[in-house]
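K.L.:
One-letter residues, chain by chain:
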Amino acid sequence: MLGLEVEAFEKISPQFEGVVAARVVSVKPLSGSDHLLVAEVDAGPTGTFTVVSGAPNVRPGAVGVLALPGAKLPGGKEVTERRFGDVTSSGMLCSEAELGLTSRADELWLLDDAEPGADVAQLVGEDWVYEIGVTPNRPDCLGTVGIARELAAYYGLSLRVPQPQVPESQESVSKFVAVEVQDQENCPRYTARYLWDVTVRPSPFWMARRLELTGMRAINNIVDVTNYVMLELGQPLHAFDYDLLEGGKIVVRKASEGEEFVTLDGKLHKLDADTLMICDAQQPVAIAGVMGGENSEVRPETRRILLESAYFKPESIRRTRRKLAINTESSYRFERGVDPNGVVRASDRAAELMASTASAKVAAGVIDVYPQPHEPWQLTLRPKRVVQVLGAEIPLSKTTSILKGLELDIESTSDEQIAVRVPTFRPDLTREIDLIEEIARHYGYDSIEPDLRAEIDQTLAGRGRDRWLDRARDLLTAMGFYEAVNLSFLSTLEAKSFTTEPDRLVRVRNPLGEELAWLRPSLLPGLLASAVRNINRRTESVMLFEHGKVFSRRGEGSYEEHTALAGLVTGAFALRHWRGSPRLVDFYDAKGAVETLLDRLTGEKANFAPVELPWFDLSFSVAVKDRTVGVVGQLAESLLQKFECEQSVFAFELSWDDLRDLCREERVYKPVPRFPAVVQDLALLVDEQVSAGAVEEVIRKHGGPYLKHVELFDLYRGKQIPPGKKSLAYTLRFQADDRTLTEDEVREWIDQILEALKSELGVVLRPR
Amino acid sequence: MGQEADSLLNDVKTARASFEQEIAQVDTPEQLDQLRIKYLGRKGAVAGFFSRLPKLDPAERPAAGNAINQLKQFVTKAIEEKKRSLGSTGPRKPVFDASLPGTPFRIGSRHPLLQVLDEIVDIFASMGFSVETGPEIERDYYNFEALNIPPDHPSRDLQDTFYLEGDKLLRTHTSPVQIRTMEKQRPPVRMIAPGRCFRKDTPDATHSPTFHQVEGLCVDKNVTFADLKGVILAFAQKLFGKDVRIRFRPSFFPFTEPSAEYDFSCPMCGGKGCRVCKYTGWLEISGAGMVDPAVFGFVDYDPEVYTGYAFGMGVERIAMLKHMIGDIRLFYENDIRFLSQF
Numbered sequence: 001m002l003g004l005e006v007e008a009f010e011k012i013s014p015q016f017e018g019v020v021a022a023r024v025v026s027v028k029p030l031s032g033s034d035h036l037l038v039a040e041v042d043a044g045p046t047g048t049f050t051v052v053s054g055a056p057n058v059r060p061g062a063v064g065v066l067a068l069p070g071a072k073l074p075g076g077k078e079v080t081e082r083r084f085g086d087v088t089s090s091g092m093l094c095s096e097a098e099l100g101l102t103s104r105a106d107e108l109w110l111l112d113d114a115e116p117g118a119d120v121a122q123l124v125g126e127d128w129v130y131e132i133g134v135t136p137n138r139p140d141c142l143g144t145v146g147i148a149r150e151l152a153a154y155y156g157l158s159l160r161v162p163q164p165q166v167p168e169s170q171e172s173v174s175k176f177v178a179v180e181v182q183d184q185e186n187c188p189r190y191t192a193r194y195l196w197d198v199t200v201r202p203s204p205f206w207m208a209r210r211l212e213l214t215g216m217r218a219i220n221n222i223v224d225v226t227n228y229v230m231l232e233l234g235q236p237l238h239a240f241d242y243d244l245l246e247g248g249k250i251v252v253r254k255a256s257e258g259e260e261f262v263t264l265d266g267k268l269h270k271l272d273a274d275t276l277m278i279c280d281a282q283q284p285v286a287i288a289g290v291m292g293g294e295n296s297e298v299r300p301e302t303r304r305i306l307l308e309s310a311y312f313k314p315e316s317i318r319r320t321r322r323k324l325a326i327n328t329e330s331s332y333r334f335e336r337g338v339d340p341n342g343v344v345r346a347s348d349r350a351a352e353l354m355a356s357t358a359s360a361k362v363a364a365g366v367i368d369v370y371p372q373p374h375e376p377w378q379l380t381l382r383p384k385r386v387v388q389v390l391g392a393e394i395p396l397s398k399t400t401s402i403l404k405g406l407e408l409d410i411e412s413t414s415d416e417q418i419a420v421r422v423p424t425f426r427p428d429l430t431r432e433i434d435l436i437e438e439i440a441r442h443y444g445y446d447s448i449e450p451d452l453r454a455e456i457d458q459t460l461a462g463r464g465r466d467r468w469l470d471r472a473r474d475l476l477t478a479m480g481f482y483e484a485v486n487l488s489f490l491s492t493l494e495a496k497s498f499t500t501e502p503d504r505l506v507r508v509r510n511p512l513g514e515e516l517a518w519l520r521p522s523l524l525p526g527l528l529a530s531a532v533r534n535i536n537r538r539t540e541s542v543m544l545f546e547h548g549k550v551f552s553r554r555g556e557g558s559y560e561e562h563t564a565l566a567g568l569v570t571g572a573f574a575l576r577h578w579r580g581s582p583r584l585v586d587f588y589d590a591k592g593a594v595e596t597l598l599d600r601l602t603g604e605k606a607n608f609a610p611v612e613l614p615w616f617d618l619s620f621s622v623a624v625k626d627r628t629v630g631v632v633g634q635l636a637e638s639l640l641q642k643f644e645c646e647q648s649v650f651a652f653e654l655s656w657d658d659l660r661d662l663c664r665e666e667r668v669y670k671p672v673p674r675f676p677a678v679v680q681d682l683a684l685l686v687d688e689q690v691s692a693g694a695v696e697e698v699i700r701k702h703g704g705p706y707l708k709h710v711e712l713f714d715l716y717r718g719k720q721i722p723p724g725k726k727s728l729a730y731t732l733r734f735q736a737d738d739r740t741l742t743e744d745e746v747r748e749w750i751d752q753i754l755e756a757l758k759s760e761l762g763v764v765l766r767p768r
Numbered sequence: 001m002g003q004e005a006d007s008l009l010n011d012v013k014t015a016r017a018s019f020e021q022e023i024a025q026v027d028t029p030e031q032l033d034q035l036r037i038k039y040l041g042r043k044g045a046v047a048g049f050f051s052r053l054p055k056l057d058p059a060e061r062p063a064a065g066n067a068i069n070q071l072k073q074f075v076t077k078a079i080e081e082k083k084r085s086l087g088s089t090g091p092r093k094p095v096f097d098a099s100l101p102g103t104p105f106r107i108g109s110r111h112p113l114l115q116v117l118d119e120i121v122d123i124f125a126s127m128g129f130s131v132e133t134g135p136e137i138e139r140d141y142y143n144f145e146a147l148n149i150p151p152d153h154p155s156r157d158l159q160d161t162f163y164l165e166g167d168k169l170l171r172t173h174t175s176p177v178q179i180r181t182m183e184k185q186r187p188p189v190r191m192i193a194p195g196r197c198f199r200k201d202t203p204d205a206t207h208s209p210t211f212h213q214v215e216g217l218c219v220d221k222n223v224t225f226a227d228l229k230g231v232i233l234a235f236a237q238k239l240f241g242k243d244v245r246i247r248f249r250p251s252f253f254p255f256t257e258p259s260a261e262y263d264f265s266c267p268m269c270g271g272k273g274c275r276v277c278k279y280t281g282w283l284e285i286s287g288a289g290m291v292d293p294a295v296f297g298f299v300d301y302d303p304e305v306y307t308g309y310a311f312g313m314g315v316e317r318i319a320m321l322k323h324m325i326g327d328i329r330l331f332y333e334n335d336i337r338f339l340s341q342f
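Chain order of the listed sequences is E and G. Here the first sequence is numbered in this note's numbering, starting from 1 and rising by one per residue. Here the second sequence is numbered in this note's numbering, starting from 1 and rising by one per residue.
Since the hints were derived computationally from the structure, they do not count as laboratory data. Model, not experiment: these values are computed from the prediction. Ideal Cβ placement from N, Cα and C applies to all residues, glycine included. A hint or two may mislead.
[As the list claims (entries may be wrong)] With the Cβ distance kept under 10 angstroms, some of the chain G side facing chain E (calculated, not the full set):
hint: 1; residue: Val12
hint: 2; residue: Leu169
hint: 3; residue: Ala234
hint: 4; residue: Met290
Please take these sequences and the hints and turn them into a complete structure.
P.N.:
What follows is the structure, given as structure tokens:
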């Protein structure tokens, strides 16, 4: 509950049994083999055994680990007696890898101080591995000491930190090493130690085991120490082979533009003039804070070490590792900010460990280039402000004890303000509010009671959701459309198929892939893809709609987005029912959906005019009150083929931004008619060239003031209709608000309509 | 009256009496049919009576004919009634079957994700938050800088961003709407920003490069962390029921200080631990905190006078919890077999 999230924890127990410590008594070659040895081993109370081994480090006096016949090893392996010529091997001497403890498989695992016969599983014991998520503001917690500090503060315990004792020799470091920092801005502190008589060999078991449990690889005692200290103190270190450094000199400078460098993972990097480099007297030997070079790497034959511990500017490291795309444990810590005043302690700790594990001699002192030391900084905290932000009264004594626990120096305390000095390992604490967070964290977020008083300024509670969009969504779902949500990204084919201006398409600079490289210029490709997905899954009748942003590019770095509302129909019009198969949908279903929608939203009749768009075979612009709001049509056959859709699809797409303006806010009641209507049907014989729309227009124009309703109820071609003609049948309703109309009155208007139809369109009554 | 006539009328009367007795005992359609033939058939009783009419004195015929007709009508009617009472409507007429499926009205539904989004928005609107929107293509300034995330800040790594030309990018959260709203409006501000966001996540069961967020912001005098906990508690209980508890854990966001992650007690098991909450009793919901004074600096609010809280939440996550949906990709496939469940 401190903000250090335990993401996982695991109990680690030895995965073997029946393995005991055994002292090697004697060793002789196995006759007939050039590398196998026969060893007599003494396993104390368990007895003495003869075993055959091929390991290079079997020697009399060493205490190894013996898996007896019947012992169980990791992976379900069971040890048995084996015969090698005349010799029977009673079990095997094991490496750490064979016991599943580390990856080290080259040598036998030798125990330093175990009693022969002791159970090795017990010696290893159990351990716990915690995986902790550290937020980017807490570089101090990128080492176990930082985590321990938090826990100690929270539980009110005292913290014990390793206090390095470096066994320094008489020889001074300055006799061997010189450091020149040319870029002090990006390298505020650089320290170096010198060690010699180093024996590079595998690390002791405890160190290798801990490193490998944290996911690092044990390499050798020098590299392992640098990693171990980093995990402990959070300070990355680097060990150079001193004999590979020209002139015993370190120069910290920027790379020259285009300079090439091979890092120790064997990769060649081209550098630019912004990259901070560690160099010797001649050439670069490491990319500062990121990775060392192949040319100065510690090798098995390394005898002398230059140990680097430094503070690099976080921004510089971050830029470099992004440009070079190298993420290392080291760069991760430097770019978050290590403690500039913890640099020497880490160096001391590493020197101490190298002295003990590599029997290294350590030169006296540290070269320390630190021209402008960072000092702990002062901050003040007003207890009143704590209440103002947290809404909880926290006693002053609690506040100060929390700050002390976090190793902040309290310089003065009063009810008005507390003055503190912040240690340099907490770069995240620079303002009063940061201290308030520390107090909240350690006081406990759970201890702050929720305040449920609702003091709402009602004049402020304004805008809710777009209720016209709500209405549109209700209408479409009532008509049978399901609401869809598609990704905003399209493939090149999808994007280019649904635009007339390919140069206005918006491309993502770093897309997830070519399939998702473009922002949608239209909602239709997404809806089509969803329809095809449904059809492929045997749902052939699909009605979908979607509302969402569509995008276009206006110019370099300039974009437009607007909200669209689109729908699509394909397959059968109705659901299947035993009374008969439903018909297939057609253009008029898409058109009808648009008409209904616009009528209910705007109270206006939509007008349709032919328009050509490449993704439609047949399409019409949709206008309300002379404002074009969208299109409706039949998706082009050629397009459907490309998207592997084998059935006809009809679709509409409207600009919601335009339509929204036309939605009718106020509705004024119109009286419901009180007097009966006179209804008259007209069956007309119409030339094929004459559109129903034209006929209706003439009827309305000449129908007089009482013609309230014109409805086409039949369209017929075929028997009794001459070729080149069609029959259109209309119901006309006449109605007056103040009286009942007479048949004669209506007759007059009908005659007038028929006359006009004949003279204007050549339309006549269909003969009976 | 002649003897013939007398005898005929008597026989008609007897026939009626015996018919009445016989029909009373009929209980199958077959028996009824036999009875019909016996009385009304070509060689039945009624036909027999008619055939005796010519033997009568002409003056007596009308009365006798009348009596036979009455018998015929009576029998016919009785047989019809009996037929109905036996439930036989005749072999050719179909039986009405109410168990046949009714008309399947075709109606659609709102997308489950947007249903949850609407519900969240309505809850906050009812608590006095106004709904604000902003562009999906944002400027780096609004998405990062004004939220106290300068270039080269490590927390930019937490949000893998899709970039466009120049300083334009696809917003990684709806937090930019906070800044845009505060630029336009002096405190008090109480708003939510629902909408679509983008992060460069490869689609899998829990990640989608397009997702939805609701961001909330409240700035006024005397707005505290306790108020933040209050509003989140009220929201949790309106969404998942009165028994839900909340938990705040410290975290880090550049635009809030103090920052928190907040959890709801698992509404499925009441916090006892179940598969949904992975046996922890808690569901991680999202992040929240007090608006960082640095953010106020960008919109020229005085942090000494005003304080504020902000919170966010992922709509997909809440919808997945609410409907026990295990794969986020279902929301973006638009499979009608999925959509029609909501």
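K.L.:
Regarding the hint that Val12 (chain G) lies at the interface with chain E, is the smallest CB-CB distance below 10 angstroms?
P.N.:
Violated - the Cβ of Val12 (chain G) stays beyond 10 angstroms from chain E, reaching only about 52 angstroms at its closest.
K.L.:
Taking the closest Cβ pair, is Met290 (chain G) under 10 angstroms from chain E?
P.N.:
Hint on Met290 (chain G): holds, closest Cβ of chain E at ~6 angstroms, below 10 angstroms.
K.L.:
Would you check whether Leu169 (chain G) satisfies its interface hint, that is, whether its CB is within less than 10 angstroms of any CB in chain E?
P.N.:
holds, 9 angstroms
K.L.:
Given Ala234 (chain G) was flagged as interface, is its beta-carbon under 10 angstroms from a beta-carbon of chain E?
P.N.:
Holds. Min distance 6 angstroms.
The earlier numbered hint that this structure contradicts is number 1, and it is the only one.
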